[in-house]
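Take a look at the letters that make up each chain.
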Amino acid sequence: MSLSIAITGAGGAGVISCGELLLQGWAREGGRGLLRKAFGPQIRGGESAALLKLTEHERYTAATSYDVLLALDWNNFSRFEDEIRLRPDSWIICEPDEDIPAAVLALEPRIARLPIAALAAQAHSDGRVNMIAVGVLGKLLGLSHTSLAGLAAQKLGHKPASYQQAATACIAEGQQYDLEITVDTPRREAGNRWYISGNQAAGLGALEAGVRFVAAYPITPASDVLEWMAGGLEKVGGNLVQAEDELAAINMTIGAAFGGVTAFTATSGPGLALMTESIGLAVASETPVTVFNVQRGGPSTGIPTKSEQSDLDIALHGLHGDAPHLVLAPLNIADCVYTTAWAVKLARHLQTPAIVLSDQFIGQSSAIVTEPRRCEVQLAAKRADDNDYLRYRLTEDGVSAVAAPGEPDRRFTADGLEHNEKGTPSASNADHQRQLDKRARKLTAFDYGSDWADLNGNGEVALLCFGSASAAVEEAAALLAQRGFTTRTIALRLLAPLPHDALHAALEGSSELVIVEQNHSAQLWRYLRGAMDFAQRLHSYAIAGPVPLSAELIAHYCEEVLAP
Amino acid sequence: MNDVITFKAKDYKSGVKPIWCPGCGHFSVFNAVTKAMAGLGMNKDDTVLVSGIGCSSRLPAYVDSYGFHGVHGRGLAIAQGLKVARPELTVIAMGGDGDGFSIGGNHFMHACRRNVDITYVVMDNEVYGMTKGQASPTTPMDWDHSKLTPHGPGVRPFKPAALALAAGAPWIARAYSGNPNQMAHLLAQAIEFPGFSFLHVLSQCITFCPQQTDWKAIVNERQDAALEDEDEAARLFLHEDGFQTGLLYQRQRPTWPPEAAPPNDPDLTGGFRL
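As they're listed, the protein sequences go chains A and B. Quick note on this note's numbering: the first sequence kicks off at 1 and runs consecutively. Quick note on this note's numbering: the second sequence kicks off at 1001 and runs consecutively.
These are computed hints drawn from the structure, not numbers from a lab. We treat Cβ as the ideally placed atom computed from N, Cα and C, and that holds for glycine. Be a bit skeptical, because a hint or two may be false.
In silico lysine to aspartate or glutamate, EDC-like type, Cα no more than 20 angstroms apart, as pairs [unchecked claim]: (1) A:Lys422 - B:Asp1045; (2) B:Lys1017 - A:Asp431; (3) B:Lys1013 - A:Asp409; (4) A:Lys422 - B:Asp1064; (5) B:Lys1017 - A:Glu421; (6) A:Lys442 - A:Glu418; (7) B:Lys1159 - B:Glu1221; (8) B:Lys1044 - A:Asp431; (9) B:Lys1013 - B:Asp1064.
Partner residues aside, some chain A positions facing chain B, computed with beta carbon under 7 angstroms [what the hints assert, rightly or not]: (10) Val183; (11) Lys235; (12) Glu244.
When you get a sec, could you build the whole thing from the sequences and use the hints?
In structure tokens form, the structure reads like this:
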């Protein structure tokens, strides 16, 4: 079972802090759960929502409806109507004298009135309503005052002592208030767990894989990858440059990588579009860079604070010319550590850019996760041992020996112009064919092992997806199994080069293939149809954001198309 | 600098044949670069020449050092990323007026401001040569030799030194392709200057702008010491004819990045563990 709680209020009212404290308190007592953060486009004075889903497992999908809604106020609540679905048995907790929106009342939910502002004022002269909410909801979850007050003190550690006193008093006040409602809470069990967001996990994976140079241009929802790395680099050494634009960011990354330092940048759709010309330069000059793209609703400015998987097309096909490169996608929050580290290592070894497709859903959500798996694969850079050094030497596996400035007798000029083995610009047919072959071969000849996808089951109905859709797909498969279907799931972590043979093998014995993705134009479905022949009957489930993928809707779709 | 030459300019040439037209000013920049490198006795393995796209951006391949020939307008970004990541290297960025002042204008401005310790050489011939003669940001308003702007660009030309000063460049000099010795001398100073050094080179393109042969008569060498005062320099750069050569402005300020504290904690995961 799971328990979903939404906390809403004006931007700046502290609903996100409230959600964080509750989830951390819940986790300290062995619980598991997810915190999604929903924001309007305004920075302050808009609206925000902390969307908690407490679970008994770590297959984190967005809640499709909420058991409890605590509204600090009702201003702008209508903007969350799509996301915060309520039911007649949902509990609404709100101020006694505030009018509940008609759309909410129409559902005839259960209502508990809570004098939030009055309790805050009564508890402390600097009392804040969000800490009353922590107390009230903490009590509902059976969390101790000591634990919640301790977490609040930690969170407010940098503020004057009066803030901590006010928080402690408000949490106590909220916990003492008798709201006369109860909820069923999921089972808890102790474990070695972390509290981390996907964007933090990506930064961690990158630094653990050896990234020591980051170029950054702020963009929602990727800025927090870069902000976390700024602090991380101070711990392990290295440099972060705030660039003047994404064109500078990608080229600074290329410059550092040319210098032999493992380099990384993070961005979102519009920034990726600006970077693509120079990602082509990284392909041609064989410079390893990792571009971590946190997808949001597009095109153009789109819906910057909401999730979508609609940058697959540009990541796969956005470069000009024939430009083979790596495209990977982390499957969930914890997997951001593994997949990002893997991408960095593959890019470095294969001397090509890697684009990693995360998204706002896993990027900006925080979750309680079992200590994430690390990428232990060791890939040494190929070094030349002769004195006849050729930077772009044609080799059987397509990978040439690297050299960086400072190394004696290895001098070369890296070039975006087509070149010969030495790097000298060349427009000859032979050099162009050979270098194109080499750059393609080094990616296709490499053995990526078994981590190209996560596979589960061997049923007749195959559900295939990439990246963050995997949790909803796993949940849909479980629903379908309950309804009499035998299923298998394939969640792609490696999208380019496409592991054709492994994918064929994974599909062997299935008769139906449902391709699930969160975008409007079925980008994965089109990619796979163009790249491979399938023996299965193909079905496309492609739904754009911003509402998260729903396992129930995916299962419903499958039942419809698979009905005899 | 002629006292202790043990290296010769030709030792620094890679042997790749330049694509430039006969009479191109960039030959003399190429000679000045190799002469300055020889004069300073620079280690070829620790030197990187970085460029964008255009006639002048071909230069790195002709020098026997490490090099990076990137995409149009982004040479400065590559150069700064490289220098920040590998501060012990000597990094020289170069390109043309279209590359540096038009498509790469934003990077020029921010490189001046950021003050990473690199040298930037712009070979300004007031024209896009590689694409066969279109107006650039420094082309005179009435230059009507391009099919793209047959009545002249009609836009006031850009003043690179004034912009560099306003953006915070701490070292600004100008050289002329007709005086390679002065250019080599300025380049050597630029390379040794701790900070972002901007060398604006008037480098003639007689193919598309034959009138630039007249520059020989117009250029004048600055006799006074370089200005240190920003106000005086602003007055000079806004009102001069753009043909004064020499070290024009120099005012040292802290480079970026500042020296970082040593890494303080190898454990990145502590903040996540519950």
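Here's how the hints hold up against the structure:
1. Proximity of Lys422 (chain A) to Asp1045 (chain B) is assessed by CA-CA distance (about 16 angstroms); at most 20 angstroms being required, the pair is judged to hold.
2. Pair hint Lys1017 (chain B) plus Asp431 (chain A) holds up; C-alpha atoms about 18 angstroms apart against a cutoff of 20 angstroms.
3. Under the criterion of a C-alpha separation no larger than 20 angstroms, the hint pairing Lys1013 (chain B) with Asp409 (chain A) is consistent with the structure, at around 15 angstroms.
4. With a CA separation close to 13 angstroms, the supplied pair Lys422 (chain A) and Asp1064 (chain B) stays within the 20 angstroms bound.
5. Restraint check for Lys1017 (chain B) and Glu421 (chain A): the C-alpha separation of about 17 angstroms stays at or below 20 angstroms, so the hint holds.
6. Distance hint between Lys442 (chain A) and Glu418 (chain A) is fulfilled; the C-alpha atoms sit about 17 angstroms from each other, no more than 20 angstroms.
7. With a CA separation close to 18 angstroms, the supplied pair Lys1159 (chain B) and Glu1221 (chain B) stays within the 20 angstroms bound.
8. For the hint pairing Lys1044 (chain B) with Asp431 (chain A), the CA-to-CA distance comes to about 27 angstroms; that exceeds 20 angstroms, so the pair is violated.
9. Between the alpha carbons of Lys1013 (chain B) and Asp1064 (chain B) the distance comes to roughly 5 angstroms, so the proposed pair stays at or under 20 angstroms and holds.
10. For Val183 (chain A), the interface hint is violated, since its Cβ never comes within 7 angstroms of a Cβ in chain B; the closest pair sits about 23 angstroms apart.
11. Taken as an interface hint, Lys235 (chain A) checks out: its beta carbon lies about 4 angstroms from the nearest beta carbon of chain B, inside 7 angstroms.
12. The restraint placing Glu244 (chain A) at the interface with chain B holds, with a minimum CB-CB distance near 4 angstroms, inside the 7 angstroms limit.
Of the hints listed earlier, those the structure fails to meet are numbers 8 and 10, in rising order.
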